[in-house]
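Protein chains: 4
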Amino acid sequence: MNVTVWNEHVHEREGAEAARVYPDGIQATIAAFLGDLGAVRTATLSEPEHGLAAAVLDATDVLLWWGHSVHDEVSDAVVERVVARVWAGMGLVVLHSGHHSKPFKRLMGTTCDLRWRHDERETVWTVAPGHPIADGVPASFVIPEQEMYGEYFDVPPPEQLVFISSFTGGEVFRSGCCWTRGRGRIFFFSPGHETNPVYHQPEVQRVLINGARWAAPVE
Amino acid sequence: MNVTVWNEHVHEREGAEAARVYPDGIQATIAAFLGDLGAVRTATLSEPEHGLAAAVLDATDVLLWWGHSVHDEVSDAVVERVVARVWAGMGLVVLHSGHHSKPFKRLMGTTCDLRWRHDERETVWTVAPGHPIADGVPASFVIPEQEMYGEYFDVPPPEQLVFISSFTGGEVFRSGCCWTRGRGRIFFFSPGHETNPVYHQPEVQRVLINGARWAAPVE
Amino acid sequence: MNVTVWNEHVHEREGAEAARVYPDGIQATIAAFLGDLGAVRTATLSEPEHGLAAAVLDATDVLLWWGHSVHDEVSDAVVERVVARVWAGMGLVVLHSGHHSKPFKRLMGTTCDLRWRHDERETVWTVAPGHPIADGVPASFVIPEQEMYGEYFDVPPPEQLVFISSFTGGEVFRSGCCWTRGRGRIFFFSPGHETNPVYHQPEVQRVLINGARWAAPVE
Amino acid sequence: MNVTVWNEHVHEREGAEAARVYPDGIQATIAAFLGDLGAVRTATLSEPEHGLAAAVLDATDVLLWWGHSVHDEVSDAVVERVVARVWAGMGLVVLHSGHHSKPFKRLMGTTCDLRWRHDERETVWTVAPGHPIADGVPASFVIPEQEMYGEYFDVPPPEQLVFISSFTGGEVFRSGCCWTRGRGRIFFFSPGHETNPVYHQPEVQRVLINGARWAAPVE
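Chains as they are written, first to last, in the numbering used here: chain A, 1 to 219; chain B, 1001 to 1219; chain C, 2001 to 2219; chain D, 3001 to 3219.
Rather than coming from a laboratory, the hints here were simulated on the basis of the structure.
Glycine included, each C-beta is placed from N, C-alpha and C at the ideal position.
Any given hint could turn out to be false.
[Said to hold, decoys possible] Just so you have them, the derived chain D footprint on chain A, three or more residues with Cβ under 8 Å:
id: 1; stretch: 122-133
id: 2; stretch: 178-188
id: 3; stretch: 213-219
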């Protein structure tokens, strides 16, 4: 299984909090814990074709996508290439602020808007305990500090809803959602703010390992 | 439109808190605010055939169901009659602890188990703002005191998920869920503890009016 | 309820078969049988802004869309306006070859490709008899001559599947499909070739009347 | 992975056509081609506890179920045991006339009625090409002789619809359907009449191998 972890890789190079939490970039942290799945590479915005040349995408079974501050700088040609690969069967795992990324909005057909607020404790609840993405994930787990993402989340109703989160402010969020587009599978997982050590947390790593495995094409 | 509100009507006759909040029974409170929908009658456990004789059910477009402490005393013959009417098109709105009622479990095919705890503040969030049951319901509203119902709620994945609730303890719950069985539509709405004035709250009344209207057969 | 029937209106002006079956354009035939729903207007490609100026769309509860040979001539600005109105609650009923229209593909996030072949008998089967769109529609009905549309139909899994068709060649097609995007509801109905009198058939008219009513915004 | 193939095993012992097509019983034919999945055993109605003692079910990851003429002879105690195991995660693959079996009806909460007629050619179409159960299955394939099963099929809307069939009479049928109940996954596949060599056909075998693999619990 070939995995590509894409990250805009902007916040972590600007120093401050994100650089401290993810000194080599979010993509490196994620690639490290996905290592058991097979061959894992990373790609970032500043590389030629954002590191997503046709040959790379053609060889990718599952693409993970983290973006936030520079969604608009992703070239439309690369977006269409990603989308076409999803239609052909490539899995796509969209992370946190990637909800507003071009490929995700393109595949959903909606605004993908949501409410948000900084610095909240998030509790993630499993609502589909038999789903492959919930395998080995506890009935609930806490992320001590995380940006609040709240409903209404403007996406098509998930085909499978795996996780729902609550926040200390009382908000709720459909935090683990599955869709299909063509032959491809899409998993969105909302925890993952760049200044919080979310991707260092074992439960989150388990979710993303499961998510990448679930999203992989069947053949 | 003919509506029948069924309630076991046990707690409210035993005095104490439930009697104070619903002196004439939960069924009377609900029937009163559903009055604009058409002809509304009530039925309770202690009546012959629990007030659900074949002639009553045949003339019912939507049945609302509140039960809690005496689920097992509902006769299987009446349960099968209710289920057959749902299959033929009658709408069914299941309320709160009705999650463990015989007709609901029979129609779901699962245990319908959940977590619970007393005396919590519940916040209800709309996650399907274009759904008829969300019509006129705010993006979120608070129920000041309500029993906590939490995930995992062991029901088949809702065909439409309209509301998700959070509680002060951090729990979440799929509190407004829709299914179809045969020609019939089923709406489950979880708020409604017998010692809390939940059914006196305008937002809850709006949800149940919408729910009954949505569940009504199309012809 | 305000309904707008949009048609590219090209085939029927080029004479021959389409002109004979729909002398005033498909839009006029459809508008006529939708008359009981409220105020019905028509709009076509050749009008300024394709007849879909912001004021028209803002006043439209449900938009029906027929297009085929000139999908690419629909301006992107109008497409984005239609899409934004769907997100805000406007219903959209997409007809036949409209499966490849810009608004539909934009809202689905897929190619919307399918198989096709001319001149087949189609049998439409109701697979959701309790759904509002099936109200008064027989368990099955035959369209004597119709273009064959066959699977695989590359759309997201319908949120509700109301009709499935078979063809004399043995093909099948999910011919009546529902989705939501934002607050808006989308119904796709596949029968409707421009050289066959499909829209003169009472069962088809019943489906589209139901479809427009179902797609209307709730408030 | 431990697989148990259950068959009432009545028709094939009564001689005539079924005995000719499946001389050792349908269960033996199915068990043979599932052999690569792991340990496969068979069980039949006439064995003590129908061959489904608690110890057998506890050790079963996926149960396949073929029944037809003696559904009512299956003991309710065994049915409840099967249902409880599905809720706990055991996969269930229901075959053909098993649509009217007690466990399936119990888990669906509907009548599971359908139309039927003898001796038809069936064409199976894949409508979810990226689904694991469609892996390696062609876009369509023909079963030369098969009982016709037609809509309306009275089951809850499938959570995933993988196959739709057509018949020479023009009927259609949702022939490959997925649901979840509790932690368990259920796959129904309609082809499989006892007097037709359906289970000797490679495409059908591929579907059932995939179906058993898909239904297996995740852990």
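Checklist entry - Can you name, in rising order, the numbers of the hints this structure does not satisfy? => result none
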